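Undergrad: Using the sequences and the hints, build the whole thing.
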Amino acid sequence: MVRTATEIQNTIKKYIIQEFMYDQSGVELTLETPLIEEEIIDSMGIFRLIAFLEEEFSFTLKHEEVVMESFETIVAIAALVEARLS
Amino acid sequence: MAYLLSQLLKQSVQAHAERPALTDGKRELTYRALDELSNRFAQQLLQAGVTRGDRVGIYLKKSPEAVAAIFGVLKIGAAYVPLDSAAPLQRIAYIVENCRIKALVSTRPKITKFQNRSSEIENKPTPILVDDQQALAAVPSEPLPDPQSIENDLAYILYTSGSTGMPKGVMISHRASLTFVDWAFDTFAVQPTDRISSHAPFHFDLSIFDIFVTMKAGGTLVLVPPTLSVFPRDLADFIASQKISIWYSVPSALIQMLLYGQLERHDFSRLRTVLFAGEVFPVKYLRQLMSRFPHIGYHNLYGPTETNVCTWHTVSPLAPDRSQPISIGKACANSEILVFNEQNELVASGETGELCVRGPGLMSGYWGLPERTAESLTHCRIHDLESEVIYHTGDLVRQEDDGNYTYLGRRDNQIKSRGYRIELGEIETVLYSHLAVEEAAVIPIPDEEIGNRIRAILVVRDGEQLTHSALDVFCATHLPKYMMPHEVEFRDSLPKTSTGKVDKVQLSQESTS
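Keeping their order, the protein sequence lines are chains P and H. Numbered per our numbering, the first sequence finishes at 112, counting up by one with no gaps. Numbered per our numbering, the second sequence finishes at 831, counting up by one with no gaps.
Warning: the hint list may mix true and false statements.
[What the hints assert, rightly or not] A few chain P residues that face chain H, going by a derived Cβ cut-off under 10 Å, partial list only:
no.	residue
1	E45
2	E54
3	L55
4	E58
5	I62
6	E65
7	S69
8	I72
9	V92
10	F97
Since the hints were derived computationally from the structure, they do not count as laboratory data. As the structure is a prediction and not an experimental result, all values here were calculated from the model. Cβ atoms here follow ideal geometry from the backbone N, Cα and C, with glycine treated the same way.
TA: Here it is as C-alpha cells:
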C-alpha cells in the first residue's frame, strides 16, 4: 500500500501525541512544531520514535541518518520516511 | 582568595574582561558582558525584594541568560535553585513551595504555564523575565552593594530524588562548593585558553564544575544545546567545531557518541581531558573510547550531590582482557574518606563497608528535613576530635592494596539511570498514589548503555481498570522523564517473602533471566 505524504505525517503526529504529549494538554501539535526544541521528544524518546518508524514503515535507519535536521518537525520526519519508501 | 562563588566572576572580569566567558554556539558573551548582564538581573531581584539568604528559582532552558541569572542571584547573597525546565509542573510547584522560592527567573511563556497550573500553592514568587528586554534595559548594570555574605551561606539547593516520594533539596554552601571548585581547578590545571563543555543540566551537580571552574580559570564555557544531546552525531560535531578542550558528562552520553556518533569522522585533537561521573562506566566501552583517542586524559570523578566530588581516579590504559570495573580512586584534596561497617566501626583496607566523607565539601543538610539530615550527617569522634561531621553516602566500597576504593553497590534502593540518581521508593510511592493500584514494585534492569532500565510491576485493584497509556499519563504528571518506568507489567499478584514483603529478589531474577 502506498501512503501519501499527508498519511505519513498524520501517522507520525498521532504517535507523537499518544506517546510524548500526555503532559501537554492544551498544547497544539502542528506539523511545524519544533519537537526537540520544545522538549516534546528528548534523548530517551528519540530511540522509541525511531523504533516506531522502523516497524511502522518497514525500514532500518542507519546511525548517520539520526541527526537533528531529520527530526526537528513532523514534516522533516515524514520527509525522511518518504525518501526511504520511494 | 575567593570565599564566595560570585567572587570567581569578579576576579575573572578584572583579569580577562574582553575574553569570551561563554557561548552557546551562536552567541558569545565576554566576561564584561556576562558581569553586566548578571548585575542587571541582580538589580531586578533587589527591586523584587530578594535579599541575602532568600531562594531564587532558575526556571530556564540552558542559555547565556541562565548563567547570568545564576551570578545575579549569588551577587546579592541569595541561593539559586535550578529547576528542570522539562519536569512536570506539579514537581516544579512542589519545589517552589518547599523552599519558599521568592523570585522565579524564567520566560513569559513558561511563567504563564506555571501560574496557570500552580494556583493551589500558597507561595507566589515574583517573576523575573529574561525575555523582557525593556525591563532589563531599565535597570543599571553597575556593580551591586556587597551583601556581606559569608562562606557558610547557601549558594544553591539541588533537588534530588527522595525515597519518601518527594524530591529533597541538598543545600550547598559557598565554602562546600569552593572546596570542590578549587580542587578541580588545580587538579585539571584549567587555563584561560580552555573551552569547557556544559553538558549536564543546571539542576544536576556536574554543572558546578562546568560553570564555576570555568569562571575561576577565565576560560570559556561552551553551553551544549540540550537538543544536541538527543543526537550523538550532532553532539560529536559540536564538540569538534567548538574546539572543546575539557569535556564532562555522565558516561552514557559518551557511550551514545561512541556507538552512534561516528567518532572516526571527527577531529578531537583539541580535546585534552574527559571527565565522567554519575554512574559506572562499563570497561568495554571506556576501553574503546580510550584506544580511539589515546591523547586524551580520562578521569573518573565520584561523589553524591551531598559531597560535590569526594574521590577521583585517573584511568590508565585498560588491558584487552580486563572486565573488572574501574576504581573510584582516592580522596580529593581536603576530603577524607572513612569506611564504616554496620556496627559503625572503621574497617580495615580490604574489607567492605559504607563510604563516609569528612571535610568542608559536605552539604549543609536537606532543606526542611532535619531528621533526614541527622541520619545522613552524623557526628563522630575522629582523630581524637570530639564531634566531627561525616556524611554517609549509602555506597558500599572496599579499599584495595594500592589505596584506591572500589565501588561495590548500594545499601538501599537507589539506582542510577543515564547518570540520574533515582530512589525506586519515590517511583513506588507515586504508583501507589494511583487509586487503581493495589500493589506496586519497581525494580532496576541492568543495562550497559544507560546503567539501568526501570521496570514497574503492578497489581490493579479488583473492579478497577488501568491501561498502559493511562499509567503513562499519570506518571508523566508526577515524575520527571528520567524517572518514568521504561517497562510496565500488570500481574494478578506479586511474590512475597516469608515476612510478607514483596519479593524483589525473585522479581529481579524473573526479569533478568
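Undergrad: Which of the stated hints cannot be reconciled with the structure, identified by number in ascending sequence?
TA: 2, 3, 4
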